[in-house]
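Here the protein sequences come in this chain order: A and B. Quick note: the first sequence uses this note's numbering, first residue 592, plus one each step. Quick note: the second sequence uses this note's numbering, first residue 13, plus one each step.
None of these hints come from the bench; they were simulated from the model. Quantities reported herein were computed from a predicted structural model and do not represent experimental measurements. There's no promise every hint is true.
Stated by the list, open to error - Where chain B lies over chain A, by a calculated footprint (3+ residues, C-beta under 8 angstroms):
id : stretch
1  : 648–659
2  : 722–736
3  : 933–943
Claimed, not checked - Result set (SDA-like, lysine to any residue): computed pairs, CA atoms no more than 25 angstroms apart in a straight line:
id : chain 1 : residue 1 : chain 2 : residue 2
4  : B       : Lys70     : A       : Met708
5  : B       : Lys141    : A       : Met708
6  : A       : Lys596    : B       : His123
7  : B       : Lys70     : A       : Ser697
We treat Cβ as the ideally placed atom computed from N, Cα and C, and that holds for glycine.
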Amino acid sequence: MSFTKKGLGYLSLAYCIIAIAVVFRQFYLAAYVIPISLLFLLSNSLASVEVSGLEIERKLTPMRSFGGEDIDIIIRCTNRTDRDFSDIQIRDHVPLPLIVEDGLNSIPLSLQSGGTMQWTYRITAPKRGHYTVGPVSIQYTDMLGFFRNQVKRMKEDTFTVLPAMEKIGTLDLRARRVGVWSGQVPSRRVGAGTDFYALRLYNASDELRRINWKASARIGHLVVNEFESEHVTDVLLIVDSTDEGGSSIYDFDLTEFQLTLAASLCSQLLMQGNRVGLAIYGAVRAWVDPAFGKRQLLKILDNLAMTKTGRATVPMSYGVESVVVSLMPSKSLIMFISPLLNDETASVISSLAEKGYLIMCLTPAPRLVKGADSKTLSIRILSAQRRANVIRFESIASLIEVAPDISLKTQLRGNTRIE
Amino acid sequence: MNERKRWFIFTTAISGLFSLTITAIILSMQSYLIIGGLIGSVSVLVWWYGVFEGDSRKLQIGILLASFLFAFSIVDRIITNTLISAFPIQLLAFNLFLFNVEMMSLVPAHHKLHREVTRSIDLAQRSWKIMQRKLSVLIILFSGCYVITISAIYLGGFIYTLFPIFGDTSIYLTVVFVSLALFVTLREESTTDRYKKYR
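Chain B on its own, in the form it takes in the complex (with noise of 0.2 angstroms):
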C-alpha cells in the first residue's frame, strides 16, 4: 500500500471516529436534539475538510463546535436533573472528544509529510511509525481513562452503601487525582531545574 493511501485510509478513520463523537454526544442530548444535529453536521463537516486538507484552523473550529456541543449536552442534563442517568455514554463522549483533540494536534504535524513531500519516503515511512506508536497508546490511555473513572464511580457507590460518611467521593477522588498530577508535575519541575542548577 502506498503512502498516500494509508494516509487517506487513516484520515478516513479520524474523520469517522469524530462523527461517532458527535453522535455520542447528540445521544446523550435529551431536548433540542435537531438544533444538537445541525450542529453536529456543520462541525463534522468541516472536521472532515480539516482532516484532508490537513488544516488546524479547520480542525479547530471543528473541536470548539464539538465542545460547544458537549456543554449544551450538559446543561441540558443538569436543568433536567438527569445527569446520572446519561452518565455512561456522556463519559465515553468526553474521552472520546478528549481522543480527537489529540488527533487536532497529530494530524496537520503529519499531513504535510505524507501529502506533499513526496520525494523522501523515508520521512514518511518514519512520520508513519511515530504516528502508530501515539496511536496505540492514546487508544490504550483513552480507553483505560474510561474504564477507570466508570470503576471510580461505581466504586463510589459502593462504598457509599457500605460507608454513608463517604457521600461526595466522586469529587473526593477527584481532587485526589488533580493533586496527585499536580504534584508529580511541579516535583518534574524542580528536578529539572536542579538539575540545570549543577550542570
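Bound-form chain A, shown alone (with noise of 0.2 angstroms):
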C-alpha cells in the first residue's frame, strides 16, 4: 500500500498551512488542516478492501485471427465473498502494439455479493505474430484515494494473428513424383482422370462410352481412349527470411509479403489434396513435416506467424538442406519463396536441383527505380546484383516474379505448371 499523489497532495497542504499559519502567527489558519486531517482519518478507517474472492475469467474470441480480423476479449468478474465491493478498478493489460478498437480495458467496478459483471471490449493486431494480453490488475484505494493497492490476476492469454492469405485459384501443377491418393496433378500414367493420354485396341471389359469412334474407322479395329490418370503430389514451401541489408531494394514489406504468398499457396495446395510441408529459414528457424488437411494449415500458418526477419544463425546449405532432404523424397516439388539477393541461395537451389527436386522460385519483384543520388544508386547496384541470380536461377528452376499490387491469382495464373 503506498501514497497516491493526490494523498501526498493532501499531506503537503495540510503541512503548509501549519506552517504558514505558525510562521505567520495566524493560528485560524490552522484549522483549515482539521477537515483534511479528518479527510484522511475516514477515508483510511471507513475503507477495508479485501479482494481475494473476486473471481476473474477471460475468454478470446477467436483465438486466431487471420490478417486484420479483431478479437474480441470478454472479462466476466464474479463476487464469490459476502461483502460488497465497490469502487475498484479492474484493468486487463493491453500490451503494445495491440490496439484496443472498440469498449474499455479498464473500468471501475462495484459488485454485490454473489453479483457477476461482463463486458467485452475490441483489440486489433496491427500484424501477424503470437500475443498476449493480461494480467488482469486489480487497483483498490481507501474511499477517497488517498493509498493505492494493487493486486495482479490471472495468468496472461496468448492468441495468434495469422498472416493474412489471397485467393489464388486452382494450381495447375507438374510432378515428377505423385503419390498414390488421386487429386489435380497428371501423373504421366494411365488410369482415372480427365486428359486424354493415349488409344488403345478395344478389349471386351472397355466400357463403350470409351471407343474413338474416328480413329476406330481409321484404323478399322475398334480403339478405345484412354486417360492419364491424377494424383496428389508432395510440395515442400521453403520461406527465405533472412535479411542480410538487401532488403531496402523493396518499397514495401518485404517479410510480410513473402508470408502472404507461402499462407496462400500453402492453403490453395492443401484445398488441392497435396501434402504439403513448410521450412521457413531466417532469424527463427522452424518446419512442418508434409501433411495432408486442415490441421496441417494451421499449423503451417502458426509457424508463419511466428517468422521473424533477421540474420540466419547457421549457413542456408545445412539449414535448408538438411531439413529438406529428411522431409522430402527425391523428385518432389520444392517451392522456394525467396528475394534471392544473395549467392548461397543459388548454391542451395543448384545443389537442391542436382538431388533430382523440381525447383519453383517465387520471387518478389522490386520496383524499377530512376535517379544518381547515392541511396538510389545503392539500390539499383543491389537490384542488378539480384538480377543477375535471377538470371543464374533461370536454368535451374522455374522462376516465377510477383508484385504485390497485382493480385496473386492474376500472377500464378498458367505459370506454375513446371516440367
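Two independent chains are provided; combine them into the complex using the hints.
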C-alpha cells in the first residue's frame, strides 16, 4: 500500500498550512487542516477491501485471427465473498502494439456479494504474430484515494494473428513424383482422369463410351481412349526470411508479402489435396513435416505467424538442405520463396536441383527506380545483383516474379506448370 | 430518463457547484475583487469545458486557478489581519474546493462510460450507482468536516474563555488530528505488511 499523488498532495497542503499559520502567527489558519485530517482519518478507517474472493475469467474469441480480423475479449468478474465491492478498478493489460478498437479494458467496478459482471472489448493487432493479453490488475484505494493497492490476477492469454491470405485459384501443377491418392496433378500414367493420354485396342471389358469412333474407322479396329490419371503430390515450401540488408530495394514490407504468398500457396495446395510441408529459414528456423488437411494448414500458418526476419545463425546450405533431404523424397516439388538477394541461395537451389528435386522459385519483384543520388544508386546496384542471381536461377529452376500490387491469382495463373 | 440526459444533469450540477465555490472564494476576498472575478470566470469556464469533455487536464487547470484564487484570498486576509471575520465563508469555500477536487477525479473516470460507450447500458447504470454512493458519502463527509471544524473553533473559543491557558486551542486540535490520522494510516500499512509476511 502506498500514498497516491493525491494523498501526498493533501498531506503537503496540511503541513504547508500549519507552517504558514506558525510563521504568520495566524492560528485560525491552522483550522483548515482539520477538514484534511478528518478526510484522512475517515477515508482510511471506512475503507477495507479484501479482493481475494473476486473471481475473474477472460475469454478470447477467436483464438486465431486471420489478417486484420479483430479479437473480442470477454471479462467476467464474480464476487464470491459475502461482502460488497465498491469502486475498485479492474484493468486488463493490453500491451503494445495491440490497439483497443472498441470498448474499455479498464473500468471502475462495484459488485454486490454473489454478483457477476461481464463486459467485452475488442482489440486489433497491426500485424501477424503471437500476442499476449493480461494479467488483470485489480486496483483499489481507500475511499478518497489517498492510498493505493494493486494486485494482479490471472495469467496472460495468448492468441495468434495469422498471416493474411489471398485466393489464388486452382494451381496447375506438374510433378515428377506423385502420391498414391487421387488428386489434381497429372501422373504420366494411364488411369482415371480427364486429360487424353493414348489410344489402345478395344478389350471386351472396356466401356462402350470410351471407344474413339473416328480413330476406329481410320484404323479398321475398335480402339478406345485412355486417360492420364491425376494424383496428389508432395510440395515443400521454403520461405527465405533472412535479412542481409538487401531488402531496402523493396518499397513494401518484404517479409509480410512473402508470408502472405506462402500462406496463400499452402492453403490452395492443401485444398487441392496435396501433401504440403514448410521450412522457414531466417532469424527463426522452423519446419513442418508434410501432411494433408486443414489441421496441417493451421500448423503451417502458426509457424508462419512466428517468423522473424533477421540474420540466420546457421548456413543456408545446412539449414535448408538438411531439412529438405530429411523431409522430402527425391523428385518432389519444392517451392522456394525468396528475394534471391545472396549467392548462397543460388548454390542451395543448384544443389537441390542436382539431387533431383523439382524447383519452383517465387520471388518478389522490386520496383524500378531511376535517379543518380547515392541512395538510389545503391538500390540500383543491389537490384542489378539480384537480377544477375535471377538469370542464374532461370536455367535451374522455374522462376515466377510476383509483385504486391497485382493479385496473386493473376500472376500465378498458368505459370505454375513446370516439367 | 436516459443515461446521457442523466449525465448531462449531473455534469451541470457539478459545474454549478464549482461556480458556487468560486463565488464563495471571491466573496471572502476583501480587495482586488475585479482581478479575482476575472480569474474566477476563467477557471469556471475551463472547469465547465473540462466537465463536459471529461478532460482531466482542463479540470486540473480549473482547480489550479481556483486554488490560486483561494491562496490569494487567504493572503489578502492575512495582510489586512481580518482572517477571523471571514473564517466561516472561507472555510466553506475551502470545503467546497476539496469537494471539487474529488469531483475532478470522479468525472473523467466515469465520463467515457456515459458519453462514449453506448452499447453497454449495464455498465453505465453500474457506474451511475457507484457515483451516487460516492457522491452521497462525499456530501456527508464534507458537511461533517465543515460542522466539526466550526464546532472545534467555537469550542476552542469557549475553552479559552474558561481556561485562558489553552489560548492556542486551534493549533493544538490540528496537531492532534493530523497525528491521529497519520497514526491510523501507518498502523493500517504495518498491519498489511505483517499480513503479507505470514501469508
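Hint check:
Using a Cβ-Cβ cut-off of 8 angstroms, 0 residues of the stretch 648–659 of chain A lie near chain B, which falls short of the minimum of three, so the contact claim is violated. Residue count for the stretch 722–736 of chain A with a Cβ under 8 angstroms from a Cβ of chain B: 3. That meets the three needed, and the coverage hint holds. Note: the stretch 933–943 of chain A has 0 residues with beta-carbon separation from chain B under 8 angstroms; the three-residue rule is not met and the coverage is violated. Restraint check for lysine 70 of chain B and methionine 708 of chain A: not satisfied, since their Cα atoms lie roughly 32 angstroms apart, outside the 25 angstroms limit.
Taking the CA atoms of lysine 141 of chain B and methionine 708 of chain A, the gap is near 14 angstroms; set against the 25 angstroms cutoff, the hint holds. Proximity of lysine 596 of chain A to histidine 123 of chain B is assessed by CA-CA distance (about 21 angstroms); at most 25 angstroms being required, the pair is judged to hold. Distance hint between lysine 70 of chain B and serine 697 of chain A is fulfilled; the C-alpha atoms sit about 22 angstroms from each other, no more than 25 angstroms.
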